[in-house]
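Peer 1: Add chain B to chain A, keeping to what the hints say.
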Amino acid sequence: MAATHAQRSTREIFTTLEYGPVPESHACALAWLDTQDRHLGHYVNGKWLKPEHRNSVPCRDPITGENLASCPQAQAEDVAAAVEAARTAWENWSGLPGASRAQYLTRLAKMIQKHQRLLWTLESLVTGRAVREVRDRDIPLAQQLLQWHAVQAYTQEETLAGWEPMGVIGLILSPTFSFLEMMWRICPALAVGCTVVVLVPPGSPTPLLLAQLAGELGSFPGILNVINGPASLGPILASQPGVQKVTFCGAVEEGRVLRRTLAGQGAELGLALGAESLLVLTEAADVDSAVEGVVDAAWSDRSAGGLRLLIQESVWDETMRRLQERMARLRGGRGLDGAVDMGARGAAAHDLAQRYVREAQSQGAQVPWPVVVASPFRTAKEALAVANGTPRGGSASVWSERLGQALELGYGLRVGTVWINAHGLRHPEVPTGGCKESGSSWHGGPDGLYEYLRPSGTPARLPSLSENLNYDTFGLAVPLTLPSGPEIGPSPAAPYGLFIGGRFQAPGARSSRCIQDSKGNLQAYVAEGGAKDIRGAVEAAHQAAPGWVSQPPGARASLLWALASALERRESAFTSALERHGVELKTAKVEVELSARRLRAWGARAQAQGHLLQVAELRGPVLRLREPLGVLAIVCPDEWPLLAFASLLAAALAHGNAVVLVPSGVCPIPALEVCQDMATLLPAGLVNVVTGDRDHLTRCLALHQDVQALWYFGSAQGSQFVEWASAGNLKPVWVNRGRPRAWDQEAQGAGPELGLRAARTKALWLPMGD
Amino acid sequence: MGGRIPTRGSRRGQRARGQRARGQRAGGGGQRARGAEGPGAEVAGPAPRGTGAGRARRSRGGGTQEGLGGGELGVEEPATAAVARAMSARNLGTELDLSWISKIQVNQPAVLRRAEQIQARRMVKKEWQAAWLLKAVTFIDLTTLSGDDTSSNVQRLCYKAKYPIREDLLKALNVHDKGLTTAAVCVYPARVCDAVKALKAAGSTIPVASVATGFPAGQTHLKTRLEEIRLAVEDGATEIDVVINRTLVLTGQWEALYDEIRQFRKACGEAHLKTILATGELGSLTNVYKASMIAMMAGSDFIKTSTGKETVNATFPVAIVMLRAIRDFFWKTGNKIGFKPAGGIRSAKDSLAWLSLIKEELGDEWLTPELFRIGASTLLSDIERQIYHHVTGRYAAYHDLPMS
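Chains as they are written, first to last, in full-length UniProt numbering: chain A, 1 to 770; chain B, 1 to 404.
Chain B with its partners taken away, still in its complex shape:
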């Protein structure tokens, strides 16, 4: 079985890439395709599959596939392609190979130096800055993860996701026809229904991501963690951000970690799996590398730095280590895994540094929403503020820009 998986994966991957080339991304280029099919198609899909099933002809594959064993083998082509509209081809994972992590040693001081350099070495200004910032918007997983979230603020968030930058500003920059939206909205499991509903009402195919598996600490029973994933998927989440069990990393139980993530992946079914490593709690950069590699071997579609709830969040040194792991995994398997920094990314300037980091460490191919996301809540308003300044030459007042 292990031998067949990569073959299927690569075939599927090609198809998915082709699909991307034609249809572009979910929120962006996809809109044109959507327009062609008419708004009717938009609402016809069965609710449980959420946006991934937006197109009528693909609903066939949806609905039933999130069953336990269905993950790798039972998936029908069209359903895969449907998700591929939002994301890269699924990562089928590999057999656990501990030799990929046994020799690794990450030198922390050297990585810190690199992190310091990379932030100063690539600046972008003027039109380049504006274009990069707009691009950064399309990478944002617009997030609200608060105890006081209700359907009203989730609804507002979804609206902001659909219209992240004021239309007149986009017109001034001549990018108003690019269908600029954020990459996804990200909420707690209990708010998934609200988000799906709100987005549907807004006529948008932006995917809804849900955190799961006892977010943020992950200190609940495996059974409930798996159930949480299934419920979120049932509610229409097409991307699941799971947290790993840090205990397994800190005690070096790599097989157990692999098995757990493997089960998360099965529970996700067709939904994409983003694995949060909670790097602030892993103890060392070497552990970060190892956890990244295990998560990718186990079939994560994305690896994500942090929950945003740890004391240390997305930092450059951690990102460098994770990106190197992603590159190594790509060199070993040919699979491109996505990267999502989250937590503490608040300023437009930060987002530019993150973009250049991806460009430097992995290359332009990774600069697409299928392979790069930024988990953030307040970043978007700062970017909009900068765009406002770029277009008008003035600094925006608080009331000039709509809140999210």
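Next up, chain A with everything else stripped away, as it sits in the complex:
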């Protein structure tokens, strides 16, 4: 009977020539679930952890709704157990030679290779993603990641000298991120010597399976621990003793909340938010190939987020026709079918899509289903303006056969990754990250490694949480300036103004504060800057920024060198200004000399930034560009009033940033003296120096949405406030948490850490071929 049916079928299909089902057996995945009695726990310290009395969440097949297994939700004590295991493991793991860690990662890659069928069927079964995508792309990439990072671990002592692993890393994944996103982050963390606790949403067994595979290698239980639980456990994970960094992958709003919650906590926070991408299609594009790019970006089960499509008006109709034609041929269906483009996804993905569409419609864009928002543009310049005019800064592709135009757009887009005439390519060697609200954490490439490293000798991060810090009132009120005793002797020089837009200006508040020398005598009056002055300074910096960015590094270097010479010429003036603040003559001389040297050193380093990567599967290069952050606000420390100021300023300028600085509170005079030289040497507005109440100015800068990054060296409370306030535009912040830095030491005063923080990376993919 079955045979005749088959024969009739062949005959019918011969006429219709339709596609048939190509089911992939998932018996393997079910058998694995059976080994756990269909009851998944957490995988901690190389063992399954199945605590009693936990709320269970079912793990369902997204298509049939069949209950595949139950997953217990972790509670605080489970989190604590996982962190404890990771911390114990860290003591051993971080001390190993890199070669041993490399060996372990290689073994894990082999382990994945051995069990790849189980991995891909399980992943496709529970997420509904097309099995082909998991099998042909994710699994090989996971192995490549382990292998590439094994090589990095092997050469770590040599290439990453001066850096040490941070410690225990917490990784929080939200439901739309696949196990591959976990691999992107645990590989570098493990490679450099950190241990990891991963918090995955309940109902995602693939990370658990990976942890089991790692655990079954035997030698180092506890370096990779995976627990199930809601993202709301994030703060609990972050506050566990020993957790040095938390990396969060999820939605922008969740990221914001977490940023606020974790202000002042021990752990550093890395954010990778949203997964939306952008595609710019110019009239010089190979439109058919660009349409394939749209398919890759939006309908290939690769991207969790939506796609913003910018199409040049002159090819709008043609593109839409081709796009519709292409969309008509897409096949959806069960993820475990070998011939579908997209698997039917769970409810979470659907909700995300709906939200994205609503957001887009509210902005007046056209929305062809599913989740591609298309809008036209007239010129490449306009495309750039439209593309950069959003808070997102993840990834983008540019489609143009004109090399000049493609590069212009590629360099101009403010995003973390740009593909020219391609979309969605990834490789372990190429850093991937973002800017603006997409978060500023990186994975892959050298940048991915630095995420889990800190300069050797940096003390472990401890909570500096000040419970009674009131975010609403911190630095809100400007202290009143009252006359402070008689002016002794000849009247001091006229009060210093604020250095904004290349000249000294009177403060908006029209009041000054007096600066006393070490003997308590009045030394000078400086302007009392306020919110309006900060606004003016940021505006001036924004105006100056494009000009400075377009300067070649050589030109930046020569200006920094000129500034250094000016400093040296007026050495005696600076020395005496420092002496009046109680600095010994010898030390003062060293400080001035070192300051000049820092300016020169960063000028020289400006020349050598960014480099070229060669990626295996790609013919053509990937450029790792180091781009300026934009307008960078720096609150300088009170100590080393000239040296710290010069060190921070030099690093920022060398990398092409425009700066707003708040100088030392107790001794702002040397900084203001430098401004007199800058007024003649530097473009107006490039550097702005605002004096006044540091808390108040910090508040204004931290809450300013158009300040792209903020470095804060001041009190623990100020640091906490800065972290909290940065959630607004998710600007990257660097705070000292009230700890002084040894600015006169090369490592802390001019180390690679400054260079790393003073610029952001962009990966520019340039496939070649004709």
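Hints are not guaranteed to be accurate.
[As the list claims (entries may be wrong)] The calculated SDA-like cross-link candidates involving lysine to any residue, where the alpha carbons are at most 20 Å apart (straight line), are:
(1) B/359 x A/338
(2) B/178 x A/11
(3) B/103 x A/403
(4) B/171 x A/9
(5) B/125 x A/24
(6) B/171 x A/15
(7) B/103 x A/405
(8) B/103 x A/25
(9) B/103 x A/401
(10) B/126 x A/405
(11) B/125 x A/9
(12) B/349 x A/136
[To be verified] Calculated Cβ distances over 12 Å to all of chain A for the following chain B residues:
(13) 97
(14) 122
(15) 153
(16) 167
(17) 220
(18) 234
(19) 252
(20) 381
Note that these hints are calculated values from the structure, not bench results.
These figures come from a predicted structure and were not determined experimentally.
Note that the Cβ used here is the ideal one computed from N, Cα and C, for glycine as well.
Peer 2: Same frame as chain A, now just chain B:
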């Protein structure tokens, strides 16, 4: 004149489509019609027109029409319909419009990626695979292009074309009454007579295709290239696979290329023109697109990837570019042009990938022998081997299947 051509073409096209709907293809559904007319009709047609003149009532239009100017204007309706049995309506071509190719830029790395994806994204299994493979057989231009071809191996080839899959296997799959044959046989000009004779002896209407115009290099005088076409048509070839002059492409002489193909088309008369672009020697994918478009504007009924004699033959990236050109030409003119990959397609698995490529890039309408051919020699035996396995569950021994 240019204004009239499309009108005639579309009218003819409709008629031809109607004819197809009734009569089906040459080798397949056509057999039933043939049976109705009786074997007498089969042999009655005058030899020079070959299979296209198989039906007695159409012989009127044959014989004299391959004259130089007769191509577009002097053709009588019935003759067109006769050829339409084997192929789609003739492409009358268009005026040369260089704006169709001037802006085109094909991005090679992106096309390579697409080519890689498309081979992995559409698999067919079990009954679907068997049906698709059988369908693939009906697309094959069973080819022998060797220096040592003689009438005996051509004869064997023709027999294999008529009976491509063992009868018992077809019965097992219940498709034995579909009149399954290959789409055509393809030989050198000097072997056309042998093929026509052999096919007639086998009682088959499978068209004979001949390569021409200095195949494979095309480096002979235009005059002899044109004469070669005429002689092949006289010998009974109803499909002519011409090679283009690569020199003209590489030096950007698009008008000259258009004129040459235009002359090839006239020389073909009623025979169908398949233009081999020899894509392995065109230098870039952008040139492939441009050459495809010129060939279609000049009136090619098919565009074909390669001669099988270049170092690089039918590859997916090249095919994607040509298929996109075919779609663009269809969108611009309403004319459907056929596609023929040739060279290097040897395995049954390859043929499935090619079918899905056509289905994805152009759609089901192109999956007919009138619009899609595969030029191959050894592919057929691998397909038969797979069908054998599908039916019996065993792998065939070498001697289980007849050689071609």
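Peer 1: Decide if the proposed pair is consistent with the structure: residue 349 of chain B and residue 136 of chain A, CA atoms, cutoff 20 Å inclusive.
Peer 2: holds (18 Å)
Peer 1: Residue 252 of chain B: least C-beta distance to chain A exceeds 12 Å?
Peer 2: holds (15 Å)
Peer 1: Checking the smallest CB distance to chain A, is residue 97 of chain B really beyond 12 Å?
Peer 2: holds (16 Å)
Peer 1: Between the alpha carbons of residue 359 of chain B and residue 338 of chain A, is the straight-line distance 20 Å or under?
Peer 2: holds (17 Å)
Peer 1: Can the restraint linking residue 103 of chain B and residue 403 of chain A be considered satisfied, given a maximum Cα separation of 20 Å?
Peer 2: Holds - the C-alpha atoms of residue 403 of chain A and residue 103 of chain B are around 15 Å apart, at most 20 Å.
Peer 1: Against the 20 Å threshold, does the CA-CA distance of residue 125 of chain B and residue 9 of chain A hold or violate the hint?
Peer 2: Distance of about 12 Å is within 20 Å: holds.
Peer 1: For a C-alpha distance cap of 20 Å, please report whether residue 171 of chain B and residue 9 of chain A respect it.
Peer 2: With a Cα-Cα distance of about 14 Å, the restraint between residue 171 of chain B and residue 9 of chain A holds, given a limit of 20 Å.
Peer 1: If you draw a straight line from the CA of residue 126 of chain B to the CA of residue 405 of chain A, is it 20 Å or shorter?
Peer 2: violated (49 Å)
Peer 1: Within 20 Å, alpha carbon to alpha carbon, are residue 125 of chain B and residue 24 of chain A?
Peer 2: holds (11 Å)
Peer 1: Against chain A, does residue 167 of chain B keep a CB gap of more than 12 Å to every residue?
Peer 2: Correct as stated: the minimum Cβ-Cβ distance to chain A is 15 Å, above 12 Å.
Peer 1: Do the alpha carbons of residue 103 of chain B and residue 405 of chain A lie within 20 Å of each other, as the hint requires?
Peer 2: holds (16 Å)
Peer 1: Is the hinted pair residue 103 of chain B and residue 25 of chain A satisfied, with a Cα-Cα distance of at most 20 Å?
Peer 2: violated (48 Å)
Violated hints for the displayed structure, listed by number in ascending order: 8, 10, 14.
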